[in-house]
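Enquirer: Full structure from sequences and hints, please.
Chains as they are written, first to last, in my numbering: chain A, 1 to 302; chain B, 303 to 552; chain C, 553 to 888.
Careful: at least some of the hints might be erroneous.
Okay, derived cross-link-like pairs now, EDC-like style, lysine to aspartate or glutamate, Cα gap no bigger than 20 Å in a straight line [stated by the list, open to error]: (1) A/K92 / B/D359; (2) B/K458 / B/D326; (3) B/K379 / A/D191; (4) B/K382 / A/D191; (5) B/K489 / B/D359; (6) B/K382 / A/E183; (7) B/K458 / A/D191; (8) B/K379 / A/E183.
Covered stretches of chain C (in silico footprint by chain A; criterion: 3 or more residues with CB under 8 Å from a CB of chain A, positions within the stretch not fixed) [as the list claims (entries may be wrong)]: (9) 676-689; (10) 855-864.
I should point out that these hints are in silico values taken from the structure, not numbers from a laboratory. What you are looking at is a predicted structure, and each value in this text was computed from that prediction instead of being measured. Positions of the beta carbon are idealized from the N, C-alpha and C atoms, including for glycine.
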Amino acid sequence: MIQIGDLVSTLMNGFLVGSMYALLGVSLTLSINGAKMYNWAHGELATVGAYVIAVLTTFHGVNPLAAVLFAMLASAGLALVVDESTYKPLVKRGANAIQIMLASIAVSIFVRYAVFIYAAAAFILTLKANVVTSTLTTFLGVQISSLYLWIIPSSLLTVFVLRTLLARTMVGKQIRAMSDNPELARVSGIDVTMLRRYVWLIVGAIAGLAGAFWAMYSFITPEIGFNLLVDAFAAAIVGGLTIDGTVIAGFIIGLAENIGAYLLNQTLGVPTQYKVLITFSILIAVLIIRPSGLTSRRSREL
Amino acid sequence: MVRKPILEATGVSCGYGKMHIVNDVSFSLHESEIALIMGPNGSGKSTLVKAIVGLIDIFDGHILLAGNELVGRSTAKIIKMGISFVPQTNNIFPSLSVHENLEIGSTLIEHELRQGSIDEIYGLFPELKAKRGDSANSLSGGERQILAIARGLIGKPRILILDEPTAGLAPKIAKNVMARIRGIREKGVSVVLVEQNARAALNIADTGFVLVAGSKLAEGTSEELIKNEDVVQLFLGRLGGREPTPKPSQ
Amino acid sequence: MAVDLVIFLGTMAIYYGVYLILALSLNLEYGFAGQPDFGKVFFFSIGAYASGMVVAELLSYVGSIPGDIFSPAAATLRGEYAMSNPVGMGLVFVVAIVVSMVVGGIFGYLASYPAIRLRADYLAITLLLTAVISMNFVLSTPSIAGGANGLGGIPNPFSWLGNGHLIVISYAVLVLGIGFFLFWLLERAVNSPYGRLLKSIRDDEAVAKSFGKITPRRKAQVLVIASAIAALSGALYTFFINYEYAGSFTFVWTANAWIMIVLGGVGNNRGALLGAFILAFLDSTTSLAVALVNVPSFEISYGRNLVVAVVLILMLVFRPKGIIPEKPLRIPFQED
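Expert: The structure is reproduced here in structure tokens:
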């Protein structure tokens, strides 16, 4: 039985989740283009952000805004440390793409289980950020929490800031140049070493933000980031590895997942836990039919 | 008129890993001079010029830029010292606009002077100005080469290295590009030109040498090279001023 | 609490066999055919699910076990049946193993469609995400392999022996026998013309194509065989721990497979022998530690995973070619 009220709340949820997918996907896209690698530990950047905000707000009564900032800082720092200690040395040694991917798998396992050990020791294997939300208004019989007002606009704002950085500042243009052609960037006099560091800091910060938002939205476990990788990769690839494309794809996936799951449930009785299969199917379909995604990098500037 | 040497390479051997591509090559480039490096495919021309800017390992020899040693320095340092390199392929940033490509080229220029340098380049290459907002990807082959050269030129380098700038271009466009390269010399920039299109290149070059299988085969001024029998045989053949000897029917 | 040496060594031997077979599977896929499989655990888990389901279904029929196959009562009854019916259980075991390999091969065949069409990095993404998704899928679907509760009561085919020591030793001999046989088989295949062809695919796809062999077909064949072998490993593992639970088939298993072949040098089956040993040793000492030390078992398994991750990183940075160098191909009639 499809009810308007339920459909609306599913739609809203899809937007909310989509905005977080957009953030996670955009940071993944940036890391793929800027560092020329697939980072399987990307999800862990979000996990760390999620745990930082959850622990700070729940156990130390830290103000949510400050906690979000700390989360972003922690993830940014982690991203930088990982690159400097593992990825960069491998690239320097001439490791091939598979070896670097393998290293990122190892990093992913390391961080994830380090968080597991911490969470188990502190008895917080499932947790949520202690963020006070209030019901803003009621629309078509659906309560709209203030969470929507925080997360969705903030995500859009973050993407906007990123876009502006990439389009208008010299650093942003250098990052885009480096993404296009790393050797030519070097030859143009760009300090690619320093630039790579900036890229990882930005990637980590945005991924951490996505994780922090998720902790505000739902319960988290140490696997939360890894589980979100499906959606992040789907957003990035369906979006054609561009900033704009990934954001749009993130929202599409969030909506498709939620509305699809709801409709399938109501009409065919398909359990809603299968929603991630929808995302996966979209990804496979795109990879086989149109691997360049929504927007091809060649034709877009961002 | 005696020109001062600005780049002096002595006994340079370079290559990848353990493979020596270039063996014991020496040459010099003088101020406001266009020097041509000719040779068949795979002779090591690209390898040699990439080694000058530090992209390829140099095993032996010295390269002096106005007396300063380049061997062993990082690419970043070499660029800062005033050498600019335009690769043969992948020599622009496709997703950036024409203007942004030039902005990247002006990375090492002080902030306040940047726009001025870019305007100068627009003066030299008005067709780029006309398309300044377009994505570099949308340019034609010839326009891309012009953009690639312009990007290399913006930083007002002392030496500009061009690796086969007319490769794959239609003859008329190639001629245009060559003419622009000649114009660069007028601006006081010394040019190292790597070219397969030997005849057209010899028309604008002052000196040059031939690289075959990593070693120098012949060298001299461009007039000397045009008259050199070996060079003519190897490279100028049909492109030379003479009629080709009719081949037996194939 | 004294350490039961027989159980300890026997456990290690069984882990060794299971890991060796898994490593051989990945080595075949990536080391020889050049297909990076970051979703190895998927095919491994197929073997586990298939063998579990086959045992449960068959035994409920053959052993007249009533009721829900996923119930603890049924599990107990299955165990009892195995203890008093050596032949029956033995046959069920063989059927389960065969079915597991066939199902594994089928999924390998299905996977070969995207494997051929996608470029290497997209293939890696697809396989990896497939493994993640499949774990979540099975966890949410009770009718497949017990869903979130798993399926217990998958008895060891040697349980009729009664004596714990005898069971472990017998099963260890079986698993090791299968493992070494597979090793021998694959080593011979490597030195065959087919094997050399595969190596050429690994080293240069353009070269291989120019010899007129159809690379995509060969790749699919390799994928089918390697998947069947991975499923075999999963099935043998399941009969050892006597249950299967979807949640245990995490990314770590894929990493296990990779670290084994990295330790030994990619494409080098002899290296897999060493890699499997290192992991088996690590895992059995971990189980021992759990029994001896008063730390919760999951904490120790987290720690073990950390260690594996660090070792993998160190290997990649310092010894990417592995500890054991690859033996040059024996090519007949050729002088060096």
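Enquirer: Would you mind marking each hint as holding or not holding in the structure?
Expert: Now for the hints, and whether the structure bears them out:
Between A/K92 and B/D359 the CA atoms are separated by roughly 14 Å; this keeps the pair inside 20 Å, and the hint holds. Between the alpha carbons of B/K458 and B/D326 the distance comes to roughly 30 Å, so the proposed pair goes past 20 Å and is violated. Note on B/K379 and A/D191: the hinted pairing holds, with a Cα-Cα distance of about 10 Å set against a maximum of 20 Å. Proximity of B/K382 to A/D191 is assessed by CA-CA distance (about 11 Å); at most 20 Å being required, the pair is judged to hold.
About 31 Å separates the Cα atoms of B/K489 and B/D359, which puts this hinted pair outside 20 Å; it is violated. Of the supplied pair hints, the one linking B/K382 and A/E183 holds, its CA atoms being roughly 16 Å apart against a limit of 20 Å. A hinted pair counts as satisfied when its Cα atoms are at most 20 Å apart, and B/K458 with A/D191 qualifies at roughly 19 Å. Between the alpha carbons of B/K379 and A/E183 the distance comes to roughly 15 Å, so the proposed pair stays at or under 20 Å and holds.
Counting residues of the region 676-689 of chain C whose CB falls under 8 Å from any CB of chain A gives 10; the rule of at least 3 is met. Counting residues of the region 855-864 of chain C whose beta carbon lies closer than 8 Å to any beta carbon of chain A gives 7, which meets the minimum of three for the stated coverage.
Hints 2, 5 from the list above are not met by this structure, while the remaining hints are.
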